[in-house]
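Listed below, chain by chain, are the residues.
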Amino acid sequence: MNARRLKRFVALWWLPVALVAGWWFLSLGRDSFYFPSLQKILAVLWRDLTTGNLLAWHGISLGNMAAGLAIAIVAGTLIGLLIGEFEGLRRAATPTLNFLRSIPPAAIVPLVIVAMGIGSAPKIFIIALACFWPVLLNTIDGVRGIPPQLRDTVKAFRIPLALRFRRVLVMAALPQIMAGIRIAIAVALVLMVISEFFGASVGVGFYINEAKQRFAMPETWAGTVLIGILGYVLSALFLRLERWLLAWYFQDSRTQGDEGA
Amino acid sequence: MNAKLLLQQGAIAAAFVAAWVLGDVTHWFNPDVIPPIGDVVSAFATIWARPEFLPALLGTLGDALAGVAIAALCGIPLGMLIGMFPAVEISTRTLVDFGRSFPVIALMPILVLIIGSTHAMKITIVAIACFFPILLQTIYGARRLEPTIVDTVRAYRIPFMLKFFRVILPAALPFIATGIRIAVSVSVLVAVGVEVVINITGFGVETNLARINNQVAAAFAYVTCAGILGLAMTGAWELVEARLLRWHRRAAAA
Numbered sequence: 001m002n003a004r005r006l007k008r009f010v011a012l013w014w015l016p017v018a019l020v021a022g023w024w025f026l027s028l029g030r031d032s033f034y035f036p037s038l039q040k041i042l043a044v045l046w047r048d049l050t051t052g053n054l055l056a057w058h059g060i061s062l063g064n065m066a067a068g069l070a071i072a073i074v075a076g077t078l079i080g081l082l083i084g085e086f087e088g089l090r091r092a093a094t095p096t097l098n099f100l101r102s103i104p105p106a107a108i109v110p111l112v113i114v115a116m117g118i119g120s121a122p123k124i125f126i127i128a129l130a131c132f133w134p135v136l137l138n139t140i141d142g143v144r145g146i147p148p149q150l151r152d153t154v155k156a157f158r159i160p161l162a163l164r165f166r167r168v169l170v171m172a173a174l175p176q177i178m179a180g181i182r183i184a185i186a187v188a189l190v191l192m193v194i195s196e197f198f199g200a201s202v203g204v205g206f207y208i209n210e211a212k213q214r215f216a217m218p219e220t221w222a223g224t225v226l227i228g229i230l231g232y233v234l235s236a237l238f239l240r241l242e243r244w245l246l247a248w249y250f251q252d253s254r255t256q257g258d259e260g261a
Numbered sequence: 001m002n003a004k005l006l007l008q009q010g011a012i013a014a015a016f017v018a019a020w021v022l023g024d025v026t027h028w029f030n031p032d033v034i035p036p037i038g039d040v041v042s043a044f045a046t047i048w049a050r051p052e053f054l055p056a057l058l059g060t061l062g063d064a065l066a067g068v069a070i071a072a073l074c075g076i077p078l079g080m081l082i083g084m085f086p087a088v089e090i091s092t093r094t095l096v097d098f099g100r101s102f103p104v105i106a107l108m109p110i111l112v113l114i115i116g117s118t119h120a121m122k123i124t125i126v127a128i129a130c131f132f133p134i135l136l137q138t139i140y141g142a143r144r145l146e147p148t149i150v151d152t153v154r155a156y157r158i159p160f161m162l163k164f165f166r167v168i169l170p171a172a173l174p175f176i177a178t179g180i181r182i183a184v185s186v187s188v189l190v191a192v193g194v195e196v197v198i199n200i201t202g203f204g205v206e207t208n209l210a211r212i213n214n215q216v217a218a219a220f221a222y223v224t225c226a227g228i229l230g231l232a233m234t235g236a237w238e239l240v241e242a243r244l245l246r247w248h249r250r251a252a253a254a
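Just so you know, the sequences run in chain order U and P.
Letter by letter, the first sequence follows residues 1 to 261 of the working numbering.
Letter by letter, the second sequence follows residues 1 to 254 of the working numbering.
Please keep in mind that the hints were generated in silico from the structure rather than gathered at the bench.
A quick note: this is a predicted structure, and the numbers were derived from the prediction, not measured.
Careful, some of the hints might be misleading.
FRET-style restraints, in silico, Cβ to Cβ [said to hold, decoys possible]:
1) Val167/P with Leu239/U: 30 to 38 Å
2) Gly117/U with His27/P: 16 to 24 Å
3) Ala247/U with Ala19/P: 23 to 31 Å
4) Asn213/P with Trp244/U: 45 to 53 Å
5) Ile212/P with Val233/U: 36 to 44 Å
6) His27/P with Phe99/U: 25 to 33 Å
7) Thr153/U with Leu54/P: 56 to 64 Å
8) Leu54/P with Pro16/U: 42 to 50 Å
9) His27/P with Trp244/U: 45 to 53 Å
10) Ala247/U with Gly235/P: 37 to 45 Å
11) Thr153/U with Ile212/P: 56 to 64 Å
12) Gly88/U with Arg157/P: 50 to 58 Å
Just some of the chain P residues that point at chain U, by a computed CB distance under 7 Å [to be verified]:
13) Gln8
14) Ile12
15) Ala13
16) Arg93
17) Phe98
18) Phe102
19) Ile114
20) Val196
21) Asn208
22) Ala226
23) Gly230
A virtual CB, placed ideally from N, CA and C, is assigned to each residue, including glycine.
Here chain P stands alone, though its shape is the one from the complex (with noise of 0.2 Å):
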C-alpha cells in the first residue's frame, strides 16, 4: 500500500518534470525564460559551492527569524490582552482589521527611506507582516475557552495570576503554536521579498543578480533554496511545536 503511493506520487512528480521537459525539446519554453530542467538541476547542485551561497542563506535566515521573534515578543502578550477583555477585542478589532489588510511590503518604501537599506529595516518588515497572524490567532485562543472550565474556575475563585498561567495561558498555546507556524513560513517568503527589491543579503539579491547576469537557471535555482528554507522551517517549527504541546496531542487524543 505504501509502495503504491510513493509510486504514484512519483508518477505525479515525474509528469510534472516531463511537461517541462516537452516545453523544452519542443521549444515551446523560451530558454531565456524558463530554461531546460537539466540546467536548473545543475546550477541547483554548484550554487552550493560559490561563495555568496552561506552569507545569502544566513541573511534570509536570521533575519526571517529574527522578524518572528519580535513579532512574537509583541503580538503574543497583546494578542492575550485583547483576547481575554471583550471591551479591549471591540475598541482594537477596527485597527486589527486594518493592520491584517495591510500588504506590509506596501511600507518598504517609507522604511527605506527612514531606516535605509539594512538589514535592520528587513527584519522591521518581516516583523510587522508575522506581528498579525500570531496576534489573530492569540485573540482566537485567549477567547476560546470552554464555558465550563470557565465556571470551575469562577467556582474555586482562582486567584487572577493563577487563572491566567495556567488556565488561560495553556488553553491558547495550541493556537499560538498554528499562529507562529503561519509566521514563519510567511517570514521567508516577506525577506525575499524584499531582499528581490532592495539588495540587503539573502537568497531575494542573488535571484535578482543571476537573473541580472543572464543565469537563469541559477536564478531558478536560488528560488527553489527560498522555497526549501521555507519548507525546513516550517518543519522545524512543527517539531518544535509537537515537544511544546505533547500534553496536549495526548490530551485530544484520549
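With the rest of the complex left out, here is chain U (with noise of 0.2 Å):
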C-alpha cells in the first residue's frame, strides 16, 4: 500500500521537480537582464517575504478576495436557489442575466476605483461582482438537476418551503454549487491582481505592477512566482473540502462516471 502510494507520489511530481530543477540549474549564473536565474528570484521572494512588506501585503490581498468571494456565494447561492426552484422565474430572467453576465468585470475596474477610491472597498466589490456569475449560474443549474423522484417525495411529504430549501435544495445542488466556487476562485484571483494594478498601494498585484515600473525583474518574477504557487495552493485546498464535504456525492455516483470539468 505504502509502495503504491509513493510511487503514485513520484508519477505525480518528477516532471514539475524536473522543470523547476532544469529551471534552476539552466538559469544558474546565466543571469540575462530579462530572465534572472531561479536563485535570484526565489532569492528576492524571501527576502522580501521576510523583511519586506509582501507578506503583509498577501494578506491584505487575500482578505480583500476571501469577502470578495464571500459575498458572491452568500448572494449567488441564495438568488439561485430561488431563480432555480421557480422554473418560470428563470425563464423570464434567462436574457436578462445572459445579458448581464457578459459584461466583462476587468474592464469595470477603472470605473470602480474612480468611483469608490483607491481603498480596499472597490476591490472587494469587483471581485464579488465578478464572482457572483459562475456562483448563481452554477447553482440555478444545482436546483435544476434535483432529480424529479426528490421533488415527488418532497411533495408528497408535504415538506414545507423552509425545510426544503435548506434542507433539500441546498443538499441537492450542493455538489454544483462547489463546481460554481471552484470557478469563481480562479475569477477572484484574475480580479484581485487585476483591481492591484490600478490605484493601490498595497497588494500582491501592486507589489508585481510597482516592480515592473522600475524595471526590477528579479522582484516582478517574485511576484508572478507567488501568485503562481497562492493560485496552485488555493485550488488545492479547495479540492480537499470539496472531497470532503462531498464525500456522500462521490461514493454515490461512482457508479455513474465522474462529473467533467
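Starting from the two chains in their separate frames, assemble the complex, guided by the hints.
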C-alpha cells in the first residue's frame, strides 16, 4: 500500500520537479536582464517576504479576495436557489442574466476604482461582482438538475418551504454549487490581481506592477511566482474541502461515472 | 405560451431598467459613477459613428481570435497526447493543475517588459488563457472512450492511425468544441482586461479613455459593446459547432 502511494507520488511530481530543477540549473550563473536566475528570483522573494512588506500585502490581497468571494457565494447561492426553484422566474430572467454576465468585469475595474476610491472596498466589490455569476449560474443549474423523484417525495411529504430550501435544495445542488465556487476562486484571483494594478498602494498585484515600473525584473518574476504558488495552493485546498464536504456524493455517483469540468 | 414568456422576459428586463431609473431620479446613484440610463443609451447609439470605434472593435476581435487559434493549435494535439496515454496524463497532471489555476493576467507585467506593449503581447496572454480550457476539454474527450468501442477496436485490430482519426478524434470532438466555446468567451474577457491596463487598441482602451475624459456614459457603452462582442462570438462559434457536429447531434438524438 505504501509502496503504491510512493509510486503515485513520484508519477505525479517527477516532471514538475525536473522542470524546476532544469530551470534552476540552466539559469544558474547565466543571469540576463529579462530572465534572472531562479536562484535570484527565489532569493528576492524570500527577502521581500521576510524583511519587506510582501507578506503583509499578501495578507491584504487574500483578505480582499476572501471578502469578495464570501459576498458572491452568499448572494449567488441565495438568488440562485430562488431562480432555480421557480421555473417561470428562471425562464423570464434568463435573457437579462445572460446580458449582464457578458459584461467583462475587468473592463469596469477603472470605473469602480474612480467611483469608490483606492481602498479595499472597490476591490472587494469587483471580486464579488465577477464571482457572483459563476456561483449564481451553477446554483441555478444545480437546483434544476434535482431528480424528479426527489421533488415528488418532497411534495408527497408536504415538506415546508423553509425546510425544503435548507435541507433538500441546498444539499441536492451542493455539488454544482461547489463547482461554481471552484470557478469563482480562479476568477477572484484574476480580479484581485487586476484590481491591484489600478490605484493601489498595497497588495501582491501592486508589488508586481510597481516592480515592473521600476524595471526590477527579479521582483516582477518573484511576485508572479508567488501568485502562481498561491493559485495552486488555493485550488488544491479547495479540492480537499470539496472531497470532504461531498464525500457522500462522490461515493454515490461513482457508479454513474465522474462529472466533467 | 411563447408570447407570455416573451412578456415575462420583457418584464424582468423592464424591472432592471426601472431600478436603474429609480436610482437616478432619487439621486441614490451618483451620476459620475452610474450615469442615467438615458445617457448610456444615447452614448451607445453614437459611439458607433466615432472614428476610433472600428479600430477598437477590430483590435479586440482580431487579437481575441488570434489567441484562440494559437491556443487551439497547441491545446488540441497536446490534449490528445495527454488523454490517450495514462502515463503522460499522470506525469503532466500537476503541471496542468498549476497552469489552470494560474491567473494569466499576472503574467502581463513580465510579458510587457519582455515583448513590449504590442498586439503580440496581448495575443500571447489571450492564447495562454485560452490554452487551458481547450487542453482540459480535449483531455476529457480523449479519455472518454466507451468500453464497447475500445473492445471493438481491439478485436478488429484496427491500426493506430485509423483508430486515431476515425475513432478517438471523432469521439473527442464534442468535448473539444466545448473547450473552444469556453475559450472564445474567455478570449474577449482577457483581451479587454489587458487593454484596460495597457494601451493596445481595443474596447478596453476606449473604456479607459472615456473614463479619463469624464465621459462615464460612453465608458459604460464601450463596456456593453465588449459584452455584446463576447456574446456574438460565442453565438457564432455555436453555429460553427452545430455544423461541425451535425453527425453527433443526430446520433445523440436517435
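query: Among all the numbered hints in the text so far, which are the ones the structure does not match?
result: The structure conflicts with hint 3 only, although it agrees with all the remaining ones.
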